[in-house]
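Chain by chain, the residues run as shown.
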Amino acid sequence: MSEKYQDIPWRRQEDLDRYAVRRNVPVWIGGKKVIADRVVKTCCPHNCYDTCGELVYVKDEKVIKIEGDPDHPVTKGHLCLKGFANVQKINSPDRVKYPLLRVGERGEGKFRRISWDEAMDWMVGKIQTIQKTYGPEAILEYCYSGNREHMAKAVAARLWNLMGATKLVGSFCLLSGVAGSVGTVGSQYTMDPQIWSEHAQTVFLVGRNCSATNPHIFPFLYRAKERGAKLIVVDPYATGVAAKADIHLRPRPGTDGALALGLIHWILANGWEDKEFIAEKTVGFEELAEYVKEWTPEKTEQVTTVPRAQIKEVAELLAKTETLFETGYGQQRYSNGHQVQQALACLAAVCGSFGKPSANYDCISGMAFPGVTGFADNAAVSAPEGADIPKTRLVNIAAIAKAMHEAKEPPIKGIISYRGGLISQQPNVDYTIEAVKSLDMFVTIEQFMTDDTDYADLVLPACHYLEQYGVHPSYWHNWNQVLVPVCQPPYECVPDIEIFAELGRRLGYEEYFPREMSGLDWCRLLIGKEIDFDACVSPNGPVRDPEKWCPQVPYQEFDTPSGKFEFHASKLEERGKRFPGHYDPLPVYYEPDESVAATPQLAEKYPLNIISQHPSFRTHSQYYNLPWIKEIEGPARVFLSKKDAADRGIADGDKVRIFNDRGCLENIVARVGIRLKPGVAEMSSGMWVKLGGSVNKLTKLVPAGPRDILAEDGILSEYDPLLDGNTGSYFNTLVQIEKMEQEG
Amino acid sequence: MMDTRTQRILYIDTQRCMGCRACETVCKLENDLPAGPRYTMVTEVETGTGLTEKLNFLPVPCQHCGDAPCVRACPTGALYKRADGIVLVEQSRCIGCHECLMACPFGVPQFGKNGRMTKCTMCVHRIDEGSLPACAANCPAEAILCDTPENISRILRQRYSGSASLYGPFSALLQEVAE
Amino acid sequence: MKRVTFDPYRCDLCGVCSAACSLVKTGKFDASQSRIRIETAGSRVPLRAAVCRHCEEPACVTACMRGIIDQDPQTGLVTRRHDGCFRCAACAVSCPAGACVLDEALNAFTACDLCGGDPLCVKVCLTGALRFEDDAENSAHLRALYAEKMFEEREELPGELTDAQWEEICSILNAEGLSVAPDELRRGCR
Chain A
296 MSEKYQDIPW RRQEDLDRYA VRRNVPVWIG GKKVIADRVV KTCCPHNCYD TCGELVYVKD
356 EKVIKIEGDP DHPVTKGHLC LKGFANVQKI NSPDRVKYPL LRVGERGEGK FRRISWDEAM
416 DWMVGKIQTI QKTYGPEAIL EYCYSGNREH MAKAVAARLW NLMGATKLVG SFCLLSGVAG
476 SVGTVGSQYT MDPQIWSEHA QTVFLVGRNC SATNPHIFPF LYRAKERGAK LIVVDPYATG
536 VAAKADIHLR PRPGTDGALA LGLIHWILAN GWEDKEFIAE KTVGFEELAE YVKEWTPEKT
596 EQVTTVPRAQ IKEVAELLAK TETLFETGYG QQRYSNGHQV QQALACLAAV CGSFGKPSAN
656 YDCISGMAFP GVTGFADNAA VSAPEGADIP KTRLVNIAAI AKAMHEAKEP PIKGIISYRG
716 GLISQQPNVD YTIEAVKSLD MFVTIEQFMT DDTDYADLVL PACHYLEQYG VHPSYWHNWN
776 QVLVPVCQPP YECVPDIEIF AELGRRLGYE EYFPREMSGL DWCRLLIGKE IDFDACVSPN
836 GPVRDPEKWC PQVPYQEFDT PSGKFEFHAS KLEERGKRFP GHYDPLPVYY EPDESVAATP
896 QLAEKYPLNI ISQHPSFRTH SQYYNLPWIK EIEGPARVFL SKKDAADRGI ADGDKVRIFN
956 DRGCLENIVA RVGIRLKPGV AEMSSGMWVK LGGSVNKLTK LVPAGPRDIL AEDGILSEYD
1016 PLLDGNTGSY FNTLVQIEKM EQEG
Chain B
22 MMDTRTQRIL YIDTQRCMGC RACETVCKLE NDLPAGPRYT MVTEVETGTG LTEKLNFLPV
82 PCQHCGDAPC VRACPTGALY KRADGIVLVE QSRCIGCHEC LMACPFGVPQ FGKNGRMTKC
142 TMCVHRIDEG SLPACAANCP AEAILCDTPE NISRILRQRY SGSASLYGPF SALLQEVAE
Chain C
4 MKRVTFDPYR CDLCGVCSAA CSLVKTGKFD ASQSRIRIET AGSRVPLRAA VCRHCEEPAC
64 VTACMRGIID QDPQTGLVTR RHDGCFRCAA CAVSCPAGAC VLDEALNAFT ACDLCGGDPL
124 CVKVCLTGAL RFEDDAENSA HLRALYAEKM FEEREELPGE LTDAQWEEIC SILNAEGLSV
184 APDELRRGCR
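Protein chains in written order, with my numbering: chain A, 296 to 1039; chain B, 22 to 200; chain C, 4 to 193.
Isolated chain A (complex conformation):
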């Protein structure tokens, strides 16, 4: 056993050797052969399409090497750069090793080490005081997708339910697109890439930077291309996948919906639509046809800046060939995001691209939200039988800072945060920090001293995903591998499930968090009913999710009120009668709420639309502190077009200042080139606030999606994640950039 391992009485001791695929395996490290104690199969639960199968080599309870699992039918033994950097991450000397209690002011980052017992007592005391003073709803969790697996969240939800805490709902990442998609299509499925890569004639890829977030799609794209298929990419940014495209459409940010309407217009104007599919499988076509009449190529070009010749060419290709629609999430991170996705779904329907091996519409697999679809039995975990679970208010994560500022009855006084960077990832950093400062209790469960920990009262040492159990079915490829701990947690790190179980026991809910329940038992309770559970646990797996939840060739029928594809989205229309917002049944285009066209006066001051892609170097804010990754990425950069740079006297490599009314970033290195068209700048998301590179200093808190949750201050009594939407509209941000004077 490693010296680093320290005993905590209530942390579960388990024999992890039972998960070994092989034992005593020779493996190369730096040109020397080392005998690893065991190899364990698991998968990567970071928020990414690929959910890669991994083989992890462990020696003396230390991860020494990671490889891709060659038996995984989609990821085929390949990993991304972060996958390998996990070895540096999990073994980093900078990890949070012990519970730390704040001794300085909030933001100072001064702490003293305390024991887990003291930490638990502190938390229990604080929670009970807050509950007594303000009521149980003054407590809220903050949790997102740092480790995106669903198990620990469900266990935590059991605790919040028992406590009657305010519940966190929604997403700030993709739900506005999902709302548009669910409104028209119904339940969401994706087709296995092995199928479409052999049949599609055209691949239409929107808003997805595959080389950073979905690298395993490439062999399938190349297979399709090498069969002769055309690849069309829609992205304002010249991405790695756009570099492989036959046609790259570069709309002005936030106008992908208008582009889709223009494409539909040209298809209908020429009679190229799939008349049979439209007659048999859709409703509301006439309404759409009437609406798109105004979207002539000329108007579309004017709105999107995509040349009309390209629009016509692409419309013809989409309609006349068998087209696979692969849509990402970049196009919907604008305040009109759901409309964009609604329009794209309608475009796919007009082309008849549903339910064929050669032509389909992939937005997201319902496996992304297994608790909502029913694949994961969330209720069994979060709402245990016999427990008295009060109905509480909900807070939408896309407007959490707003809710923290505005909540009155009761105010939000205590936040327990895990698996997410509240300060670095929420829009408008300064506004978030202000909200955090007003808390009575801010606990973060973290692996490193991040932006959040600086403001925390209590920092708890979190486990790396390789040190804990988890369930993360992929939302792209439909293969499932249960996450198991490959090694014992180091120092005093405790798996999230066990932290919440122990906290629950100490808050008086012993019967609901039985000590004998292992992480694997929890996982079995969550998904054991729907899948051959043991077949997904190392040394076995991965297993394809059952056909019932993700058919190989989906969309033979539509799970909508009419049972057909709905150009006129009746569910959205119904919902719109009850809640404020943009519940338009048709994909009626409107401008993002901050753009050159929507706010021309603001654009005079701040003429550049800055977008923030997810780079390959990070999963959101994770990995930013690793030497390997830092070396590859270099200093914080902003990409500019040659024209914008020349207008401002900026040369490639100059240091610049980026600013708007919300904030300012300094000493950012300008990269001038062809990646962006004039009027657009790009700075990748996820850099840390305290290291000076967080683009969220500039972004605005305006949740996208049909429901206007800001009207309700983000505090809701009822919420449907699949129809109400909500995404941070990170990309409709206007800024100005200027050259910084040289020092000296």
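Honestly, the hints are just simulated from the structure, not real lab data.
Be careful, since some hints might not be right.
When the alpha-carbon atoms are kept at most 27 Å apart in a straight line, the in silico DSS-like pairs for lysine-lysine are as follows [to be verified]:
(1) B/K134 with C/K5
(2) A/K327 with B/K75
(3) A/K938 with A/K1034
(4) C/K5 with A/K950
(5) A/K925 with C/K5
(6) B/K75 with A/K925
(7) A/K972 with B/K134
(8) A/K950 with A/K937
(9) A/K607 with B/K102
(10) C/K152 with B/K75
Derived coverage of chain A by chain B (criterion: at least 3 residues anywhere in the stretch with Cβ under 8 Å from a Cβ of chain B; other residues may be distant) [stated by the list, open to error]:
(11) 509 to 521
(12) 536 to 548
(13) 915 to 929
We treat Cβ as the ideally placed atom computed from N, Cα and C, and that holds for glycine.
With chain A held as given, fit chains B and C onto it using these hints.
Just chains B and C, lined up with the frame of chain A:
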């Protein structure tokens, strides 16, 4: 002199490389390298104007040249070519004079904390066991090939023979001829 | 540490580096006294720069019978004391870079001292062929050059220096306290 026809080389299919940079960290892990020496490094090049603008990517590991300039430049014989053509360095003989870096047109020679030259070994330990170098084995885009020139040529022909889009002007010419 | 590096593709063999070096080190134009020499393949193809690399394990330090060549253990810089050099040429013969120069005024062998950390040859090299950079920067630069060539995006190679450039070099030298007229400099470079 090594027979270049049978020597294994690392070939980058630039049609496929999409700049994910997984080769850089898999190399660090395989060779147990800290930040500093970079056995391979992906370089991005922007080309074209207007509608033809695009990004290109090129990972640059050691080319293990047939007649390697670094081996010629090395004054101490620390650099040498193995019988199968792989260029290796015997660090104990290196004096850190940087002549190899001056000679190498690819910027391959690296220098660690000890100031001695180090570089891509084509994962010689893996090659000797009959497996591929780590970067080639892992490349998600299957863009890095490690084989003899003849075999690589065969793989490329298989990849691209069916695809008109990649050889646009050429296939148009063929069609004209056919008509 | 940072070293003087050379990109042969950018060099137009103008000779300014050697001229400036000899001027600042000896007070006159004399390429044979320059601490940097551009070596060519044939007469017009730049090949490499012979300049002290400040080796990790300098052969000159080992070779010097008088022990007057030292390596700073902290910075790695190779320094020379010239008194006592009896010109045995052991350093010059052992140097892998061919960087040692017999200084006529000092009557001793010497080599590049990086002008104390801000080399003049790099400052006056307007084509960008000479750079002062560390290993990582040099390697990244060379890799980028190769990639640019691969995708046929290499920037245009420099031609002959223009009159304005000659003047610019003179003003750089002036700022260093070396007063030279453009014509004089041109002659010195030949």
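Consistency of the hints with the structure:
no., hint, in the structure
1, B/K134 with C/K5, "14 Å, holds"
2, A/K327 with B/K75, "41 Å, violated"
3, A/K938 with A/K1034, "14 Å, holds"
4, C/K5 with A/K950, "22 Å, holds"
5, A/K925 with C/K5, "21 Å, holds"
6, B/K75 with A/K925, "25 Å, holds"
7, A/K972 with B/K134, "42 Å, violated"
8, A/K950 with A/K937, "15 Å, holds"
9, A/K607 with B/K102, "57 Å, violated"
10, C/K152 with B/K75, "16 Å, holds"
11, 509 to 521, "holds (count 7)"
12, 536 to 548, "holds (count 6)"
13, 915 to 929, "holds (count 6)"
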